[in-house]
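Chains as they are written, first to last, in full-length UniProt numbering: chain A, 1 to 298; chain B, 1 to 276.
It should be emphasised that the hints constitute simulated quantities derived from the structure, not laboratory data. Among these hints, one or two may not hold up.
Covered by chain B, per the in silico footprint, the following chain A stretches (three or more residues, Cβ under 8 angstroms) [as the list claims (entries may be wrong)]:
#1 43–54
#2 75–83
#3 94–107
Beta carbons: idealized from backbone N, C-alpha and C, even for Gly.
This is what each chain is made of:
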Amino acid sequence: MNTILYINNLTKKFGSLTAVDNLSFTIEKGNVYGILGPNGSGKSTTLGIVLNVVNKTSGDFQWFNGNTSTHDALKKVGAIIERPNFYPYMTAFQNLQLVCKIKEVSEEKISEKLQLVGLLDRKDSKFSTFSLGMKQRLAIASALLNDPEILILDEPTNGLDPQGIHQIREIIRKIASLGTTILLASHLLDEVEKVCSHVVILRKGVSLYSGSVDAMNASHGFLTMQSNSMDALEQALEGNSKFGNIKRDGEYLIAYLNQPMDAAEVNRFLFEKGITLSHLVKRKESLEEQFLELTKQK
Amino acid sequence: MGRLLAIEFQKIRYSRAAKVISIIYFILIAFIALMASIEFDIGDIHFRLADQGIFNFPFIWHFNTYIAAILKFFLAVVIVSMMSNEYSYRTLKQNLIDGLSKKEFVLSKFVIVLLFSAISTLFIFVVSLLLGLSFSDYNEMGIVFSNMEFILAYFIKLVGFFSFCLFVGVLVKRSAFALGFLFVWFIAEKILWGILEYRLLREQADSVMQFFPLEAMSNLIVEPFTRLGAIQSAANQLGEVLTKSYDVTIFNILIVLVWTAIFIYGSYAILKKRDL
């Protein structure tokens, strides 16, 4: 097993506020992880702790099975936190040179990485002249300089315009397809849903769910139905143990499945009961719905 | 060490402000030589500063290091803003994320402090040597290179002062406030000295105050003016005998070195404790 990051019972308190509460999860090589949570749920604090800029209150974490010190481990990590931080009076190229010196890697890759994020033609422009989207792309180039084992991105599309968001997503997808492990913190669910294989869901510093996106879809989906006799429909469904929770939602009836059942089967079953449907849709919950469901529970 | 120096050098070499202030600083030091050309006539008396013995070996080591040390405030600005910029650009955080440890970060700043001090010391040494060789009445090797402890004291003084600046920069985070803090500290030491002198005897006040950082740094190189021949003879005529010690003492050097250690370790301790 190739563990990149192991977090055990990590806790961080800011005075009386507990920003991260007994958080544990493990990151394995090759997967794309998402940390999901509303603003202020402790995503950035957690990343801050493992990146050596925020002191933990208790618990522990280990990079690469604990064989290296945290700051040496960070040389094998690429990370962008919140917003891009560079020296404004230096050019893109000079800033990346500095990062190479800190990470102790050769400067050969600078041009290659600038090319990847589409900034090669601006490499001699000062950082202060860059737009936010360009700054964010430069930050990604900088995080990739050491060909990191894991790329950590904290809200990478925050504050960008639609083109910028699209560009960053394309870059992330490109990097993920190269097999780099990625840890993506975001409150934007579709962003996580599109690229991640595993998620950790946080709320107020507490982990609500940690595991693969598929396993989270433990439910067998749900059906949205409409019929001219809604009451009969509801009765028919309640009489069948294959359906779990049933609820009215406006003109529709929503029924959650307890076991796998395809829409045709449902239709046949209802038709035999003498109910004809005017609307039938079977869907799996989107990450967003599950997320809202999960964060609502407590 | 080389890596840390390379990192800091990369940060400083492209900063226009740092470059301009450093250049002004070194030009001003070189301008000490211009004092040689100060001359004026008062009635029959022809006065030429260079003839007053200020450029005589070994007195020149004392005089030049004292004057040049006043200019250290230029580099203090560079050091304080170098540190506070790391906060305001949030690059301190980024440096740590990129894999610099907090210890390495403080060390890299200290390396720059040492470098600035060493270059200044070398520079003042060369300027004084050239100036002395042109104007000094004594040019024997033994005399030229006597009293070299002033050069050492100058170096220690700069290292101590810049470490103080670094510490204040780490503590206060904003360059303007940090420089203000330095100034307030300076005033506070003076006020404390005043209170102590009022309460105690002057000697007792001095013996307490010598342990405070700025006072200790200023004690390293005592003012050289009353040591000048002209001043001495004027004092003699007034019936005053100036019995002041102008020596650089090991004790003073130790006090400043201890402060330097406290400032550097303190910077590290603050960074370690702080959530960035």
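Evaluation of the provided hints:
{"no.": "1", "hint": "43–54", "in the structure": "holds (count 5)"}
{"no.": "2", "hint": "75–83", "in the structure": "holds (count 5)"}
{"no.": "3", "hint": "94–107", "in the structure": "holds (count 8)"}
Hint violations for this structure: none, all hints satisfied.
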